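Peer 1: Each chain, written out:
Protein chains: 2
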Amino acid sequence: MGIPVLVTVDENYIHCLKVMLYSLKLNNLKQSFDIYLLHRNINKKAIDNLKTYNEKIGNNLIPICINGDIFINAPSSERYPQEMYYRLLAHKFLPESLSKIIYLDPDIIVINSIEKLWNLNIDGYLFAAAAHTWKTDIANNINHIRLKTKTDYFNSGVLLINLEECRKNIRENEIFDYVNEKGDGLILPDQDVLNALYSNRILQIEDALWNYDVRNYKSYKLFSHGEYDMDWVMKNTVFLHFCGNDKPWKKNYRYRFGPLYKHYAILSNRIERGE
Amino acid sequence: MGIPVLVTVDENYIHCLKVMLYSLKLNNLKQSFDIYLLHRNINKKAIDNLKTYNEKIGNNLIPICINGDIFINAPSSERYPQEMYYRLLAHKFLPESLSKIIYLDPDIIVINSIEKLWNLNIDGYLFAAAAHTWKTDIANNINHIRLKTKTDYFNSGVLLINLEECRKNIRENEIFDYVNEKGDGLILPDQDVLNALYSNRILQIEDALWNYDVRNYKSYKLFSHGEYDMDWVMKNTVFLHFCGNDKPWKKNYRYRFGPLYKHYAILSNRIERGE
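Chains as they are written, first to last, in the numbering used here: chain P, 489 to 763; chain Z, 489 to 763.
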């Protein structure tokens, strides 16, 4: 049994999922991972290819194709595809034997050991997640008003999901009702739902360690009074999250972690080609 | 038999030699390497440690402690330590069975396959080396006058050494005589000697591929009319050379390849600690 990791991507994001998974493995060589892929319509060839890739790097891929029945009453549109519900309702699709799982966005690279997150005590919480606290209080205040929350606004890109607790406490209808009620008013649908409905049952973890927004090196450094310099980040940060519209697999990506991402993409490509 | 790689460091540089060797291996997984370490006085404990480290990453370390007799007539001082002669006279110390070898400075990381350099045809040349051609012509002209050369000024940090040809053509006394004659007039002693005595027998290789000066990303990009952007470098460049006094293992290193170097240092440290 490896450490279970949840991912939910469509075909367009498989290339960066591979980079993320390779970085996870290279920085956690002593661990094995069971990668649970929740998806709707990725074709068999792409799944087989991803399975082979995972075998090459020493992971075990478990693809789970979602039967859409559960979403028959779900508000769904191009803007709100049913995939937005996968991580909030993961407990519906994953084996009962799993009591918790780490969820990771594909636009992440892992650069240190995930062990401390995996071993975190989340008894009584639904999720552990980080908020991008470097953001101004103004952004936080707007989200408080918008979503009627009192906590920081959590980013849903990295989660430790307490599946046992979710099975007992999360009902799909409360999620669908909330989305229906909000209509077009959600900005980042799944993240907004996570915050609006469950923020008071989320264990907050430090974003500089567990969900580092790569656009904000200078802010992290400033707010830590210089402590979180590049040496600190490379030694301590576990998940570098390439948030936002600028993506490091594109040309002319300008943020300072770009070379590191691009190098991981090359390493991952080589594994793929068997070089 | 692995690909032979020559290194010559003192104890202070072992930490970065390890980073270089790890990056060499990670980016050339299908190759094995025989690492020839020419040294004068590295203690047994440090050598044993380096041997174990190399075994862990799948390399074979062959330490060669230099008997100083050959340098009895060599001009030598604090400014001109005898180590400066090691790479020019490597053919004196290495097994006769080796016909060529790749020399690498320790302040390098390898990010792609070295195969094309290893397979380069250097028949009739003593060395293959790169010049930092992005430098202004003025610097090149000064070196022409200073060292009476007609070629570009070669950097001695990455060399493919044609040992067979060196055995036939390089005499230690011509080197010692040249250094004696110049007195204190050499700026970078071994590099100056390489250029002054042998530049017309060096096969020039492209620095952007084989000896990329990490301080000059913008110049490379400019002189290549935009072609050598970050994607190009990550895909094509083989040796990133952290030239100059600013070193990436120090705090507050400011160049853009710093995060990549620091990450390799962390990966290498983990191997060292058996994590």
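Rather than coming from a laboratory, the hints here were simulated on the basis of the structure. Mixed in with the good hints, there may be bad ones.
No copy labels: a pair is met if it fits in one copy or bridges any two.
[As the list claims (entries may be wrong)] Below, computed lysine-lysine pairings styled on DSBU-like, alpha-carbon distance capped at 35 Å: (1) K533 to K723; (2) K532 to K706; (3) K723 to K532; (4) K706 to K588.
Just so we're clear, the structure is a prediction, and the values are computed from it rather than from any experiment.
Peer 1: For every hint, state whether the structure bears it out.
Peer 2: Cross-check of the supplied hints:
no. : hint         : in the structure
1   : K533 to K723 : between (38 Å within a copy, 27 Å between copies)
2   : K532 to K706 : neither (43 Å within a copy, 44 Å between copies)
3   : K723 to K532 : between (39 Å within a copy, 30 Å between copies)
4   : K706 to K588 : within (34 Å within a copy, 47 Å between copies)
Comparing the model with each numbered hint stated earlier shows that hint 2 is the single one that does not hold.
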